[in-house]
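Asks: Use the sequences and the hints to build the structure in full.
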Amino acid sequence: MSGLGKDGKGASERRFATKLLHFGSEIDPHTGASSVPIVQASTFHHHDIFSPPQFDYSRSGNPTRAAVESAIALLEGGTRGFAFASGMAAISSTFLLLSAGDHVIVTEDVYGGTYRLLTTILTRMNIETTFVDMTDIDAVKAAIKPNTAAVFMETPSNPTLKITDIAAVTAWAKENGLLTMLDNTFMTPYHQRPFEFGVDIVLHSATKFLGGHSDVLAGLAVTNDEELGKRLYTLQNGLGSVLAPQECWLLMRGMKTLQARMEQSERSARRLAEWLAARSDVARVYYPGLPEHPGREIHERQSLGYGAVVSFDVGNAERAKEVLSRVQIPLVAVSLGAVESILSYPAMMSHAAMPPEVRAQRGIGDGLLRYSVGLEHIDDLLEDLDQALR
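Under my numbering, the first residue of the sequence shown is numbered 1, with each subsequent residue one higher.
Hint data in this document are derived by calculation from the structure and do not stem from the laboratory. All values derive from a computational prediction rather than experimental measurement. Mixed in with the good hints, there may be bad ones.
Here are the computed lysine-lysine pairs in the DSS-like style, where the Cα-Cα straight-line distance is at most 25 Å [what the hints assert, rightly or not]:
(1) Lys174 / Lys141
(2) Lys174 / Lys230
(3) Lys145 / Lys174
Pairwise CB distance ranges (calculated) [to be verified]:
(4) His377 / Pro52: 50 to 58 Å
(5) Ala333 / Glu13: 34 to 42 Å
(6) Ser42 / His377: 39 to 47 Å
(7) Thr234 / Ile121: 14 to 22 Å
(8) Ile121 / Arg284: 30 to 38 Å
Where a beta carbon is used, it is the ideal one built from N, C-alpha and C, also for glycine.
Replies: As structure tokens, then:
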């Protein structure tokens with residue numbers, strides 16, 4: 001396929017909504033099919049043993065996987081994309097760029113699965129972690145050690161939606177020769193493109209907003225440097241935690257509607273956050289679009305929107321469980337970012353791996369709920385949550 005469209009523009013020059021549909025591999029060059037074929041093959045014939053084909057074994061490369069990997073690289077503005085079997089597979093593989101004896105600085109209220117990886121698995125490999133409040137650049141700087149090799153950011157953080165100044169952290173990291181990684185799951189490349197602020201590796205749990213339909217488990221990583229891309233490919237191929245062709249196809253199908261879904265869900269999320277903030281029976285609301293959010297100004301400098309996740313504290317565990325038992329529309333479930341709304345209880349779901357005292361230190365109280373707003377009518381969602389809260 002030619003790299004230029006009928007308008008003479010390459011895919012990278014087009015606007016985001018167009019890139020979602022026209023990313024360079026959207027038409028099968030052999031048949032003209034409008035959908036990327038699912039190449040359900042483990043191995044590939046060598047027509048000339050002395051001239052190996054592009055694909056030889058699906059762990060090392062598969063045409064369907066290559067299509068979704070090129071798509072996410074285009075959307076993030078990176079050089080190489082990598083599709084993994086889950087978000088945690090992408091994150092754990094990326095952390096293995098580090099070596100025994102290295103130290104990494106990490107957002108303190110990071111996703112519970114990342115916390116578990118760092119505190120129960122990588123410690124056995126002598127990789128050390130310091131968790132810091134990344135809203136405080138001085139705290140980040142103070143955490144550096146002689147063996148510090150990387151900084152891992154999650155902004156907005158999960159579930160308290162704290163905001164890290166990406167440009168400030170990456171500038172300091174580059175001055176000190178540190179690798180920077182950022183989990184962009186909540187914002188997606190539609191709202192936030194970390195490479196524009198100097199980040200080295202962008203990560204996604206594509207199970208969430210990118211897939212968007214609660215039907216695929218997937219992770220993505222994108223690099224902005226060819227040499228770093230080669231290193232990450234060596235890990236992907238060596239570890240073998242790759243995304244299967246069927247899941248690659250489902251992910252690409254979901255990504256095509258990303259902008260439309262994010263715009264609708266965000267409109268509803270903003271209304272939900274404002275509605276919750278006005279209630280006297282809700283202790284606190286976390287959403288970067290609220291005027292009182294302490295990180296709103298920084299977030300607006302680095303993101304084009306506020307996202308579709310709203311967290312709120314109803315005071316205590318008993319009341320949180322009552323709300324969870326009474327809501328009728330959202331799924332009460334792990335995960336987020338789907339067409340249907342999902343209400344989660346971080347203390348017993350996404351952050352169950354954190355000890356209670358650690359959760360408390362990070363502001364993840366027993367009354368905290370996380371609402372991922374889907375595509376239902378917002379008035380129905382508000383009426384449903386109102387009866388649950390009452």
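Asks: Taking only the CA atoms, is the gap from lysine 174 to lysine 141 under or equal to 25 Å?
Replies: The given pair, whose Cα atoms are some 12 Å apart, holds under the 25 Å limit.
Asks: May I ask you to test the hint 50 to 58 Å on the CB atoms belonging to histidine 377 and proline 52?
Replies: 54 Å, holds
Asks: Does the beta carbon distance between serine 42 and histidine 377 stay inside 39 to 47 Å, or does it fall outside?
Replies: The hint (39 to 47 Å, Cβ to Cβ) holds, given that serine 42 and histidine 377 are roughly 45 Å apart.
Asks: So does threonine 234 sit 14 to 22 Å from isoleucine 121, Cβ to Cβ?
Replies: 20 Å, holds
Asks: Quick check on a hinted range of 34 to 42 Å for alanine 333 and glutamate 13, using CB atoms only.
Replies: 40 Å, holds
Asks: So if I understand the rule, the pair passes when the alpha-carbon distance is 25 Å or less; does lysine 174 with lysine 230 pass?
Replies: 20 Å, holds
Asks: Has the hinted range 30 to 38 Å been met by the Cβ atoms of isoleucine 121 and arginine 284?
Replies: 33 Å, holds
Asks: Against the 25 Å threshold, does the CA-CA distance of lysine 145 and lysine 174 hold or violate the hint?
Replies: Holds. Lysine 145 to lysine 174 sits at ~15 Å (cutoff 25 Å).
Of the hints listed earlier, there is not a single one the structure fails to meet.
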